[in-house]
Every structure is written in C-alpha cells, then in structure tokens.
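Turn these sequences into a full structure, and let the hints guide you.
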Amino acid sequence: MAKAKIIENTIDLNKELAEIASKTTHMGGGAIVLFMGYVKGRVNGNKVYELDYEAYEPYATKTLEEIARKAEEDKEVLEVRVYHRIGNLKPGEPTIYIIVSAKTRKKAFKVAEEVLEQVKHKTPIFKLEKRSNGEYWVIGDGRRIPRKTQA
Amino acid sequence: MAKAKIIENTIDLNKELAEIASKTTHMGGGAIVLFMGYVKGRVNGNKVYELDYEAYEPYATKTLEEIARKAEEDKEVLEVRVYHRIGNLKPGEPTIYIIVSAKTRKKAFKVAEEVLEQVKHKTPIFKLEKRSNGEYWVIGDGRRIPRKTQA
Amino acid sequence: MKVKVKYFSLLRDYTRRIEEEVELPDNARLEDLLDKIAEKYPELKTLSDDGVPAIPLVNGKYVDPKYKLKNGDEVALMPPASGG
Amino acid sequence: MKVKVKYFSLLRDYTRRIEEEVELPDNARLEDLLDKIAEKYPELKTLSDDGVPAIPLVNGKYVDPKYKLKNGDEVALMPPASGG
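Residue numbers (our numbering), protein chains in the order written: chain A, 4 to 154; chain B, 4 to 154; chain C, 376 to 459; chain D, 376 to 459.
If you're looking for bench data, these hints aren't it; they were derived computationally from the structure. Positions of the beta carbon are idealized from the N, C-alpha and C atoms, including for glycine. Wrong hints could be hidden among the right ones.
[Said to hold, decoys possible] Label pairs and their in silico Cβ distance ranges:
1) D:379 with B:69: 32 to 42 Å
2) D:440 with A:124: 52 to 62 Å
3) D:445 with A:15: 46 to 56 Å
4) A:15 with D:447: 46 to 56 Å
[As the list claims (entries may be wrong)] DSSO-like, lysine-lysine: derived pairs with alpha carbons at most 27 Å apart:
5) B:113 with A:109
6) C:441 with A:125
7) A:18 with B:26
8) B:125 with A:113
9) B:73 with A:110
10) B:26 with B:78
11) C:381 with A:8
12) B:73 with A:133
13) A:106 with B:50
14) A:78 with A:110
15) B:125 with A:93
16) C:436 with A:8
17) B:50 with A:78
18) A:106 with B:8
19) D:443 with B:125
20) B:50 with A:125
21) D:436 with B:125
22) B:109 with A:78
23) D:420 with D:381
24) A:73 with B:109
25) A:109 with B:151
26) C:443 with A:125
27) A:106 with B:110
28) D:436 with D:379
29) A:8 with A:26
30) A:65 with C:445
31) B:78 with A:26
32) B:50 with B:113
33) B:125 with A:106
[As the list claims (entries may be wrong)] Derived coverage of chain D by chain B (criterion: at least 3 residues anywhere in the stretch with Cβ under 8 Å from a Cβ of chain B; other residues may be distant):
34) 379–389
35) 442–448
So, in structure tokens, the structure goes:
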C-alpha cells in the first residue's frame, strides 16, 4: 500500500528499501528505483545557505497520497512511497524521496520519474532560497524571484 | 570519482547517499537516482530459493569501473557508483546498486538507467537460479535454460 | 459570511500577511473574493504582469471562479507549486 | 605453448569442468583453439543450435578469431552475460 508523508527528518533508506524488497519479492518484484533530491549548495554562481520549505497542510499530504495511490494502480507497480521534507534545510540535506518498486526495471524508472514530476508540480509546497546574494522565492520549476519584504 | 566494485555484502545506503550529497552539493548537484536490484521470489509461477552469482574476475571489476568512469565523462554527471554482489543470494536480497548524482534530475534518471543496462549486458557475471522446479542458468537478459549436470 | 484566506510564498511580499478573514455577502462567488483581494492589494497586479499566476484553491481544491463560497471556506492563493 | 581456458555458466554443463590447460602449436590463433574445444566437446554445438553463443574473451577482452594466442593467455568462454 502506498505511503506518502510530509516529514521533518531524514528517513532510514536501509530500512525502507529492505522492507519494500522483502515485501515485494514474492509478488515478482526485483527492482527498486529511489530518487533523492537534496539542497543545492550553489545556484547561478551564488552560495546557498538554506532552503526554507513550507507545505500547505493538510492538502500537501493529501496530494502526495493521491499521487502515490494512483501510481500504484498500474499492475506492474508493486509499491510507491513518497516523502517530502519541510523546514530549514542546508546544502546537501535531503528534501524529497520517491521510492518505486515494480516488476520490471523499466517500469520502476518510468514511474519514479513520473511521480517525481507530479509531486513537484501538483503538491502545494513552496520554498524560499537563502543565498549569499539575498533571498529568493522559488516558483514552479525553478524560477527565482527576489524576496521584497520580510513577512 | 567513480566507484565500482564487486561486493559480497550489502552496502549502507544512508552512508553512500549522504556522502554523495555532501560531496556534490557544492558542484550544483541536487539529484541522486539509485537503482537497487534484488532477488525475485517468484519466476514464471515457481518459487525461487536462491540465485548464485559468479563474477569473472578481475575482468568483471574492470568492466564495472570502465562503465562508471565513462558515465562520469558527461559534465552534468557528478558521481557514479556501481556495486554488484556475488555469492548465494536469497529472495529479497539486494544484488546490484547503481547510484548516480547529476546536476538535473532528468540526467540522473537517464544515466542510472543506461549504466544499469550496460552493467547487465557487458559485465562477465553469471547466475544460476535455484527454484522449486529445478535449477536454471540465466542467460543474457532473462532467458532461462535448465541445468543439465552438477559441475 | 466569513472566509479564511491564506497567502503563500511570494504573495506574502504583497499582502504582508500569511492569512486573514474576509467578510463577504452571503451569495459571494470565488471571483468576487478575488476581486476584493485585488482591490485591497493593488500591487498584486505586478505579479501577474510578470507572468506569475496567483492560483486559488478552495478547501484544497481547484475550483471554478464561479464557485459559490460558503461560510467558513478556506481559500488559498499561491504561485505555481515548487516541491522537490 | 599452453593457454588456460575458463568455462562459465551453462557451458560447464557440456565441459563438466570450470577450467583447463590446453596445449597448442606456437602459432595458434584463437579460432584454432575454438575448433579444438568444439572437437573435444561436440555437444557444445547443441547450445549454438539453440541460439546461445559461446563468447570468447582473451585476457578479458573481446578479440578477433584471427588473434594470435600467446603462451599463458587466459581464454574464457561464456554465454551472454547476466548481471543485475
């Protein structure tokens, strides 16, 4: 069953993947693809100090759940897990995990990539990038707009 | 720098990915794709007891190293690690890990998938599948041929 | 009736607040609320001129501007999401 | 001269051994060795008839059948690899 959560801390990848492998092996599973996103330390030549993530709850969680559940409707897909972190994250810190197990490696790659795109574009999550040259709102798929005021 | 190894035990995914993230974040990295293959518990309706992997050394290691090194020649690719296990592996146990960090998520997915295909087809690694209905050599990309004799 | 309005991300640069309650006539539609907000924060226009849409959600869902608001509805205004 | 020959995977069903040393004339080529092996294990033919090639590597590399073997070379015969 799909798992999707907004989280504050990192997850234990060893545990997650071992759990999924032992659960899916008897359903003919043999492939897991994991995508892990993390904070970039440099953007457009500027040093990044941190990314502040905010989720619009409970709708962010609901969106993640729906994306994961729909991806699992494919018969070749055995398990989908989506974890998105919020809070102040420093360069190199994980921000998102997408984990997909499928009957074929091709399917696992394809679904992981699709789920990631949906999570990025549909989930009401927002970020503010704090860099050496100021603060920038990140809009949609990477557009940066300087912050005007301190809210 | 690319890392490629034939291994007997599992790897620590938390450590590997944290290491790669903290190393690549200052090069503009923000995406890691991991592929983990594991032993299927069922094949063609038959229960699998174990897969026996054998590598032709030192050439298997050399092939993995070359595949990883070449994949890293792409400027958008920041780190490639390839680990292939050998020995007797039971259902659900990891058999292979491909880890790719790149400047874009698209590239990380693409290269992980390509490296996996190359490892599967080019590396002199062979497997024997022990199932409830006998032993099968696995040839190329999944063809099964019953074992005739005990060598 | 009253609805709660939440602002996200760079919209807050213009509203200078995270959320507020807005009083509306009982038969108000989403578009009426959006007009009222546009009037209250005229600078928001520079955002849409700049190609950044302010997307409304009502109780977490995309709805038509003709949607009839109910007392207690939660309306969010946000730029394109930026997960990942 | 002598070369070492290694057999992998299902080839061992036919050779019933994992490796062996083969004595060859000094100017022997890879194709001469392959002929000699085919002669020694005639059943190997059923494999290629079945669409399973026995791929030769010399010291870990794919080489032309005309390759001139050297004393001490290691030749491997294997089906298509099956990593992963």
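Under the constraints set out in the numbered hints, which ones does this structure not fulfil? Structure breaks hints 1, 12, 15, 20, 25, 31, 32, 35.
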